[in-house]
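Asks: With these hints in hand, go ahead and build the complete structure from the sequences.
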Amino acid sequence: MQTRRMANVYRQYWRINILTTLEYRENFLIWFLFTFIYHGTAIASLWIVLERFPSMNGWNFRDMFFLYALWMVAHALHNTFFSTVGEIPDHIRDGEFDRLLVRPLDTLFQAIATPGQVFPDELVLALITFVAATLYSGVHVDAVFIIFVPLIVIGGALIDLGLNLIISTAAFWFVKVDALRWIFIQLEQEFTRYPLSIYSRSVRLLLTFVFPFAFMNYFPASYFLHKHEAALGVPPAAGLLTPVIGIVFVALAYVFWRFGLNRYQGVGH
Amino acid sequence: MAREATYRFDVFTTVGSFVVRVYLLRMVWTALYAHNAAPKDLSRHEIITYSTVALLMGIVMDIDQTRALNDKLRDGSIATDFMKPINVPLYFFADGTGEVLFHAALLVPSVLIALLIFHIIVPGPAVLAAFLLSFFLGYLVGFFLNFILNCTSFWTLEISAVQLIVTWLTDLLGGELIPLILFPAVLQQFIYVLPFAAMFSTPLLIYVGQIPPARYGEVMGLQLLWIVVLGAVSAVMWRAGARRVVVQGG
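Listed in order, the protein sequences are those of chains A and B. Counting in the numbering used here, the first sequence runs from 34 upward without gaps. Counting in the numbering used here, the second sequence runs from 41 upward without gaps.
If you are wondering where the hints come from, they were derived from the structure by calculation, not from laboratory data. Hints are not guaranteed to be accurate.
Taking beta-carbon pairs under 8 Å as the criterion, some of the chain B residues facing chain A (in silico) [claimed, not checked]:
| hint | residue |
| --- | --- |
| 1 | V51 |
| 2 | T53 |
| 3 | V55 |
| 4 | G56 |
| 5 | V59 |
| 6 | V60 |
| 7 | M67 |
| 8 | L82 |
| 9 | F122 |
| 10 | L204 |
| 11 | L209 |
| 12 | Q228 |
| 13 | Q229 |
| 14 | F230 |
| 15 | I231 |
Residues of chain B placed beyond 12 Å of chain A at every Cβ, according to the derived structure [said to hold, decoys possible]:
| hint | residue |
| --- | --- |
| 16 | L155 |
| 17 | I157 |
| 18 | F223 |
If you want a taste of the chain B side facing chain A, the calculated C-beta under 10 Å gives, among others [unchecked claim]:
| hint | residue |
| --- | --- |
| 19 | F52 |
| 20 | N76 |
| 21 | K80 |
| 22 | V128 |
| 23 | P129 |
None of these values were measured; they are calculated from a predicted model. Every residue gets a Cβ at the ideal spot worked out from N, C-alpha and C, and that includes glycine.
Replies: Written as structure tokens, this is what we have:
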């Protein structure tokens, strides 16, 4: 019964999103252009640098393009389905969040299904980029690739969701978490662009075990591109563990969320 | 100033993000220099200095000094500004510069970290003076570019996406991320036709000595030219915009 109601709400959520996008078509186009330029300049920067310096710890432009594209799909998948989690702090600040608490559906689910102007344009762009990067990098597409890539992408999106949820949960204690979010987003977006092996040991440990961004793209890409760098002495097949890491990370984030939710007193509206 | 002073948290964010980014760029350039033939006249230490100074400049340059214009057009308060006995564009310049000076204060801890912990190269006083002058000219180029973008909100009210796009393009094509002299020859041809190089690249190349004193006149002359051109465009757009103030629901 509960699941059926949730499915219904979720369908309505997407209906409203799509109608909103169609209503503000110009706005949509300009934000799409923004997404395009954002990823475009990131890839162009890699190309420019690697044109001048052909190797980065043994990774050439083709490898780095694949590395970026793998992160991009996971990140876009997260943005498409879970970007609304990042708006929880705003709801808490303006008191809107308290309304979710008194309704007879799971609070986190309601927060995820709060309509806005979400559209899967970035995901489509990411998929196209990923196919291009796969062909261009000459990765061997075999059964393991076809089975594991979707799982790795979902796992990567869950890692993103875990981080998003942890930061939003912090808003139960601190009213403004924008700065915190900004630092972590930067950490994720810029540090996943390069092979983990260029960093010092402590940063490698941080990006593997504390905030496991390296599992979004570095470890799986190393596996598919046959880079045996053994950063941290992890065997190459560890790259296939991303789905497990994603589930564990999101579960930990959810425990933290429940903890924060139980203690939440409202901001005094 | 009170508006700005409330953002005490900014200090923490600015310094924190600066340290993280300097760490990243050091690791990136170190890895690149370790595995490839280095460019002949730009050592690893010089390029790390270049990128660190670029980040410091970015703290000041990335502020949208004329954002107030867009805000005031949205909420309609621009109407009362037109009634006041002041020169409105000059008011925006003064207001924006106040914000920039506040951010310049944020710069102090970051500069100290760059000097004492990261040991960036410090050029002689003459080069340093030329750098500061060129940086100021670059700031003016950036100011007019922002002013033009904000003036477009006389016609369309949603401009934040366009501004972000221009910011990404400036970071890349202005040489903030990668020195323009390392760009492939194909791109070199048209980067210099755009105003972005006048904002970051010129002062930075002066700082690391890639532009010798003999060429200071030429490069700063080009910066001045951009200031004149963009200033003229700003003036035209401001007049046209002010004549048809369409205040949304004000």
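Asks: Kindly indicate which numbered hints from before are broken by the structure, ordering the numbers from low to high.
Replies: 1, 3, 5, 8, 9, 12, 13, 14, 15, 18, 21, 22, 23
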